[in-house]
Amino acid sequence: MRVYDIAHSRTGDKGNISTISACAYRQEDYAVLAEKLTAEKVMEQFAPLGVAHVDRYEIPTLYALNFVIFGSLGGGVTRSLALDKHGKSLCGLLLEIEL
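Take any residue in the sequence shown, note its place counting from 1, add 31, and you have its number in this note's numbering.
A portion of the hints provided could be inaccurate.
What the hints assert, rightly or not - When the alpha-carbon atoms are kept at most 20 Å apart in a straight line, the in silico EDC-like pairs for lysine to aspartate or glutamate are as follows: (1) Lys67 - Asp36; (2) Lys45 - Glu127; (3) Lys45 - Asp60; (4) Lys72 - Glu129; (5) Lys72 - Glu89; (6) Lys45 - Glu129; (7) Lys67 - Glu129; (8) Lys45 - Asp86; (9) Lys67 - Glu89; (10) Lys67 - Asp44; (11) Lys72 - Asp86; (12) Lys67 - Asp86.
No wet-lab data here; the hints were simulated from the structure.
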């Protein structure tokens, strides 16, 4: 099972930091996310981007996890040469993680 089987995702950015949420479709799906989608697993998935650190925050009332990913945007919107400077496509990378 992958994250996309039980959740959807949204992204945001601030400087060189990306925030990515995984929002479970159902309460029972949130229990699986909370147990299996760790900051370490997200760090491993995003390592090729040169990520420095990942923090995970739980939001159980929304059945969501929020990940703050440091160093994922190539220096930020005004410095990055990436096509996706805001990192909106990074939610796809999160959704592909095997649980």
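Against the structure, the hints come out as follows:
Of the pairs offered as hints, the one joining Lys67 and Asp36 holds, with about 13 Å between alpha carbons and a cut-off of 20 Å not exceeded. Taking the CA atoms of Lys45 and Glu127, the gap is about 23 Å. The hint is violated against a cut of 20 Å. Proposed proximity of Lys45 and Asp60 is contradicted: the alpha carbons are some 29 Å apart, above 20 Å. Taking the CA atoms of Lys72 and Glu129, the gap is near 9 Å; set against the 20 Å cutoff, the hint holds.
Taking the CA atoms of Lys72 and Glu89, the gap is near 15 Å; set against the 20 Å cutoff, the hint holds. With a C-alpha separation of about 27 Å, the suggested pair Lys45 and Glu129 falls outside the 20 Å cut-off, and the hint is violated. About 9 Å separates the Cα atoms of Lys67 and Glu129, which keeps this hinted pair within 20 Å; it holds. With a C-alpha separation of about 15 Å, the suggested pair Lys45 and Asp86 falls inside the 20 Å cut-off, and the hint holds.
Taking the CA atoms of Lys67 and Glu89, the gap is about 13 Å. The hint holds against a cut of 20 Å. Note on Lys67 and Asp44: the hinted pairing is violated, with a Cα-Cα distance of about 24 Å set against a maximum of 20 Å. A distance of roughly 11 Å separates the Cα atoms of Lys72 and Asp86; the hinted pair therefore holds under the 20 Å criterion. With a C-alpha separation of about 15 Å, the suggested pair Lys67 and Asp86 falls inside the 20 Å cut-off, and the hint holds.
In the structure shown, a violation is registered for the earlier hints numbered 2, 3, 6, 10, in ascending order.
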